[in-house]
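Visitor: The residues making up each chain are set out below.
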Amino acid sequence: MSEESLIKISNLSFSYYGHQIYDGIDMEIPKGKITAILGPSGTGKTTLLRLIGGQLTPDQGEVLFDGINVHALKRAKLYELRKRMSMLFQSGALFTDMDVFENVAFPLREHTRLPETLIRDIVLMKLEAVGLRAAAHYAPQELSGGMARRAALARAIALDPDLIMYDEPFVGQDPITMGVLVKLISDLNSSLGITSLIVTHDVTEVLSIAHYVYILASGKVIGRGTPDEVRHSNDPRVKQFINGDFDGPYAFHMRTERSYLEEL
Amino acid sequence: MISFIGSIGRWGLGKVTSLGRSTIMLCHALIGRPDIRKHFPLLVKEIHFIGVQSIIIIIVSGLFIGMVLGLQGFNILKDFMATGSLGTLVALAIIRELGPVVTALLYAGRAGSALTAEIGQLKASEQLSSMEMMAVDPLRRIISPRFWAGVISMPILSMMFCLIGIYGGKLVGVDWLGLDDGIYWSGMQSSVDLVDDIGCMVIKAFVFAIACTWIALFNGYDCMPTSAGISNATTATVVQSSLAVLGLDFVLTALMF
Chain A
1 MSEESLIKIS NLSFSYYGHQ IYDGIDMEIP KGKITAILGP SGTGKTTLLR LIGGQLTPDQ
61 GEVLFDGINV HALKRAKLYE LRKRMSMLFQ SGALFTDMDV FENVAFPLRE HTRLPETLIR
121 DIVLMKLEAV GLRAAAHYAP QELSGGMARR AALARAIALD PDLIMYDEPF VGQDPITMGV
181 LVKLISDLNS SLGITSLIVT HDVTEVLSIA HYVYILASGK VIGRGTPDEV RHSNDPRVKQ
241 FINGDFDGPY AFHMRTERSY LEEL
Chain B
1 MISFIGSIGR WGLGKVTSLG RSTIMLCHAL IGRPDIRKHF PLLVKEIHFI GVQSIIIIIV
61 SGLFIGMVLG LQGFNILKDF MATGSLGTLV ALAIIRELGP VVTALLYAGR AGSALTAEIG
121 QLKASEQLSS MEMMAVDPLR RIISPRFWAG VISMPILSMM FCLIGIYGGK LVGVDWLGLD
181 DGIYWSGMQS SVDLVDDIGC MVIKAFVFAI ACTWIALFNG YDCMPTSAGI SNATTATVVQ
241 SSLAVLGLDF VLTALMF
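Line by line, the protein sequences give chains A and B.
Residue 107 in our numbering sits at position 107 of the first sequence, with consecutive numbering throughout.
Residue 189 in our numbering sits at position 189 of the second sequence, with consecutive numbering throughout.
By construction, these hints were calculated from the structure, which means they are not laboratory data.
Backbone N, C-alpha and C define an ideal beta-carbon position, used for all residues, glycine too.
You may find that some hints are simply not true.
What the hints assert, rightly or not - Residues from chain A that keep clear of chain B, each with C-beta distances beyond 10 angstroms, as calculated: (1) Thr57; (2) Glu80; (3) Lys83; (4) Ser86; (5) Glu110; (6) Arg155; (7) Ile176; (8) Thr177; (9) Glu229; (10) Asn234; (11) Pro249.
What the hints assert, rightly or not - Okay, derived cross-link-like pairs now, DSS-like style, lysine-lysine, Cα gap no bigger than 25 angstroms in a straight line: (12) A:Lys74 with B:Lys45; (13) A:Lys8 with A:Lys220; (14) A:Lys77 with A:Lys8; (15) A:Lys83 with B:Lys38; (16) A:Lys77 with B:Lys45; (17) A:Lys220 with A:Lys74; (18) A:Lys33 with A:Lys8.
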């Protein structure tokens, strides 16, 4: 890739309770673009986001965020760096003891000393951007799944971060909400220039907005390129995943030591 | 046999590791310059939840324990023609032992379990993670105010318990069974020492507060983020806190009196 990259992952390995999740992967996330990370469930895509955010420490390799090695930082510096990134959790993870307005205001109150009137304006702007200004004083429990995710998105962009990481943003959404989220993600990217990293297995939605795609499976990067390159890839593993074929290199059954007949 | 020894070893290692993790958690939560503007309102909110909302249960328990002590004490002392010592008996029993211990046990059941469940739920719903990713340290923001609230509240609750307990003893001994008012109070006045008795009570309450709150917070912070994990952690909090309080009470009593 010739463009400038915001995140550079080199030779990253990570294992969790004895399971090898990543085995020496290399990635570059271009600045100001939407990058999608695709892969079957259980390949540890969320883990990758946590590794980038410094919540987990890799066994080997490094993650550079804008040239800074995330895992070499002291606690205080790491928290400082996290102000520049934000993450949209699958569940939304809104704070249940605050209403939507307070949730969006939370990062502003924590990290800035802006006067209350300005905070109010910023929060309303962010809520307007996700179409939830009317729900400002709802409790998180009163929101539907899609609304909760949009509210969480408003909170994630409150501090105008350099990077937003979306963890499975489309899971369990109806087609309309899905369309809204797709449009929101691409609008935020084009209007604010935020680098977006989407982890998902909803192939069609994400290929429509992503500029660059990585496909992960079995702890390795098995495919990469622009959406078009990936769609027309000849690699049977990539093909199986993109087309959702039942038959292919990836089996439906988990591999076991003993055969079915033996076990019965 | 070997595997049995091995399992004891694993259990021991597990315990030592979690003790280490809990110490690291507490250090990260407590060491650092507090930001009064942000942290003081949080502390007040937690004192309200942990302390103020526990007052009712503390007062009712204190009253009944004092009344029972008064009743039993009076009936036994009567046989020795020593009912005049009832005030001393009630006051010393409550101030030295029952006050701080029963307060701590009630605290573990009411506030400790709630703290564990709350933090466990925050963890299970990824709210702690999302806070971390928003560059807000959950240890400073969630754990630290709750810890200080517990440490501030428990000695005060203990003192309330003692006060009400002594009054409960008076209610039964003096108002019901007819002991002389002056004898009840003067016996107490001459035998209870401000430093040796009341001071030690406050120290005990302080130690129990640290133990119970620490156990509750760590169990919540370290729990498996599932519903079964949260329920196990809550149970563990009540069991461990109760045992810790009773064990520490013996040690402290041996050292103090």
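Visitor: Indicate, hint by hint, whether the structure satisfies it.
Guide: Checked hints:
1. Thr57: 14 angstroms, holds
2. Glu80: At about 7 angstroms from chain B, glutamate 80 of chain A fails to clear the 10 angstroms cut-off, so the statement is violated.
3. Lys83: 4 angstroms, violated
4. Ser86: Nearest chain B Cβ is 6 angstroms from serine 86 of chain A, so the label is violated.
5. Glu110: 5 angstroms, violated
6. Arg155: Violated: least Cβ distance 8 angstroms, not greater than 10 angstroms.
7. Ile176: The assertion about isoleucine 176 of chain A holds, with a minimum of 25 angstroms to chain B.
8. Thr177: 20 angstroms, holds
9. Glu229: 31 angstroms, holds
10. Asn234: 38 angstroms, holds
11. Pro249: At roughly 33 angstroms from the nearest Cβ of chain B, proline 249 of chain A sits farther out than 10 angstroms, so the non-interface label holds.
12. A:Lys74 with B:Lys45: The hint is violated at about 31 angstroms.
13. A:Lys8 with A:Lys220: Holds. Lysine 8 of chain A to lysine 220 of chain A sits at ~16 angstroms (cutoff 25 angstroms).
14. A:Lys77 with A:Lys8: 19 angstroms, holds
15. A:Lys83 with B:Lys38: 18 angstroms, holds
16. A:Lys77 with B:Lys45: Outside the cut-off at roughly 29 angstroms; violated.
17. A:Lys220 with A:Lys74: 29 angstroms, violated
18. A:Lys33 with A:Lys8: 14 angstroms, holds
Hints 2, 3, 4, 5, 6, 12, 16 and 17, counting from the list given before, are not met by this structure.
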